[in-house]
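Single-letter residue listing:
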Amino acid sequence: MTGEAPKRSGLAIWLPLAVFGAFFALVIWGLYRPADREVASAFIGKPLPQFNLPAATEDRPGLSTAEMKAGKPRLLNVFASWCVPCAVEAPQLEALRQQGVEIDGVAIRDRSEDLNRFLATYGNPFARIGKDDLSEVQLGIGSSGVPETFVIDGKGVIRHQHIGEIRPEDVPMILEKLKEAQS
Amino acid sequence: MKRHSNPLRHSREGENPALRYAQWIPAFAGMTRRVMFVLLMLLAAPLAAQDQMPPAPLAYKQLDDPALEAKAQGLMETLRCLKCQSQSIADSDAPMAGDMRHQVRTRIAAGEEPEAIRTWLVERYGDYVSYAPQNKPIMWPLFAAPLVILLLAVFLLRGRFRSAGKKETDNKVAGE
Numbered sequence: 001m002t003g004e005a006p007k008r009s010g011l012a013i014w015l016p017l018a019v020f021g022a023f024f025a026l027v028i029w030g031l032y033r034p035a036d037r038e039v040a041s042a043f044i045g046k047p048l049p050q051f052n053l054p055a056a057t058e059d060r061p062g063l064s065t066a067e068m069k070a071g072k073p074r075l076l077n078v079f080a081s082w083c084v085p086c087a088v089e090a091p092q093l094e095a096l097r098q099q100g101v102e103i104d105g106v107a108i109r110d111r112s113e114d115l116n117r118f119l120a121t122y123g124n125p126f127a128r129i130g131k132d133d134l135s136e137v138q139l140g141i142g143s144s145g146v147p148e149t150f151v152i153d154g155k156g157v158i159r160h161q162h163i164g165e166i167r168p169e170d171v172p173m174i175l176e177k178l179k180e181a182q183s
Numbered sequence: 001m002k003r004h005s006n007p008l009r010h011s012r013e014g015e016n017p018a019l020r021y022a023q024w025i026p027a028f029a030g031m032t033r034r035v036m037f038v039l040l041m042l043l044a045a046p047l048a049a050q051d052q053m054p055p056a057p058l059a060y061k062q063l064d065d066p067a068l069e070a071k072a073q074g075l076m077e078t079l080r081c082l083k084c085q086s087q088s089i090a091d092s093d094a095p096m097a098g099d100m101r102h103q104v105r106t107r108i109a110a111g112e113e114p115e116a117i118r119t120w121l122v123e124r125y126g127d128y129v130s131y132a133p134q135n136k137p138i139m140w141p142l143f144a145a146p147l148v149i150l151l152l153a154v155f156l157l158r159g160r161f162r163s164a165g166k167k168e169t170d171n172k173v174a175g176e
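Protein chains in written order, with the working numbering: chain A, 1 to 183; chain B, 1 to 176.
It should be emphasised that the hints constitute simulated quantities derived from the structure, not laboratory data. Since the model is a prediction, treat every value here as computed from it, not as a measurement. Any given hint could turn out to be false.
[Unchecked claim] Partner residues aside, some chain A positions facing chain B, computed with beta carbon under 10 Å:
#  : residue
1  : A22
2  : L26
3  : G30
4  : S41
5  : Q50
6  : D133
7  : L134
8  : Q138
9  : S143
10 : E176
11 : K177
12 : Q182
Here a beta-carbon is modelled for each residue, glycine too, at the ideal position from N, C-alpha and C.
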């Protein structure tokens, strides 16, 4: 062995350990940071696609794109009677309705008897409810689950997406987004 | 403290084992009830979050034209199920995956090209919905990484090769 070689490898010998340490730190960091499983819609800022859904219940009309361009911002709530968090957000939707917010519903894969029971139990804050048995509107606006709530401006452009149930603390934020959509 | 030592692991002589196990029973029974409750809750949640509707018409029904069905199948295998995120929509039994398969088959039957349907979905869900790798600038580190690692390995090992070669000649010289 020459005198020079061991000195160089003396530094290099720590390199694999350093790489392993960095990898280990990355794994630990990944383990402790909860993964984000939500899929955000890439359709924010784009106009609603063309759709015309039949009425999901007898006492509310169906839902079409034309009615979503009424000049006033409104909420589009994607929900279903079989979805537990949808029942959780019902009081918040009712509170929003009482503050003058117009809410349209899209019922995903729902039977009318189940839907009627759901609305009778948890309240019906919807102006219209469209029946989406094939998730066509849901796929059309980039929604990946229930419940999701979209803020639609007066021209029918999607301005905001709220994933998951609306909690009481989310209500002011939703109202703020509706106000922003007015401009 | 003694009371809490695990009788299964710490056995002491001169004690009545039955008595020792007996003091564990109420606590254990409580735990069983709690475990049962959690298990039942786990069972209950998926049931509650399942709709009662029949699957979409083309969710499980193949297209009549084998060529079109092959096209649809190829696309469905490279689209992510958004409910069960590590499966393709071809693999998943989630109702939403069924609705996506219906959408794909309907559009293929109407003459749309698979890549147009992929683009339509990417517009709505981002690249995340597609499993097919794309030729985008952000992908280049991934493609370049093997080459960089190989070059780095050659660079790090070049001293080793050189000294080994040198030693060989040294030995040859010494042997002669």
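Results of checking the hints against the structure:
With its C-beta approaching chain B no nearer than about 14 Å, A22/A sits outside the 10 Å limit, and its interface hint is violated. With its C-beta approaching chain B no nearer than about 15 Å, L26/A sits outside the 10 Å limit, and its interface hint is violated. Checking G30/A against chain B: minimum C-beta separation of about 16 Å lies over 10 Å; hint violated. Taking 10 Å as the C-beta cut-off, the interface hint given for S41/A holds, the closest approach to chain B being about 7 Å.
Violation of the interface hint for Q50/A is found here, the shortest Cβ-Cβ separation to chain B being roughly 13 Å, above the 10 Å cut-off. Because the beta carbon of D133/A sits about 6 Å from the nearest beta carbon in chain B, less than 10 Å, this interface hint is met. Annotation: L134/A was flagged as interfacial toward chain B, and the flag holds, the nearest CB pair being 5 Å apart, inside 10 Å. Interface restraint check for Q138/A: the shortest CB-CB distance to chain B comes to about 8 Å, inside 10 Å, so the restraint holds.
Restraint check, S143/A versus chain B: the minimum CB separation of about 9 Å is within 10 Å; hint holds. Look at E176/A: its Cβ only gets to about 25 Å from chain B, farther than 10 Å, so that hint breaks. Evaluation of the K177/A hint against chain B yields a violated restraint, the C-beta minimum of about 20 Å exceeding 10 Å. Because the closest C-beta pair between Q182/A and chain B is about 25 Å apart, greater than 10 Å, the hint is violated.
Hints 1, 2, 3, 5, 10, 11, 12 from the earlier list are contradicted by this structure; the remaining hints agree with it.
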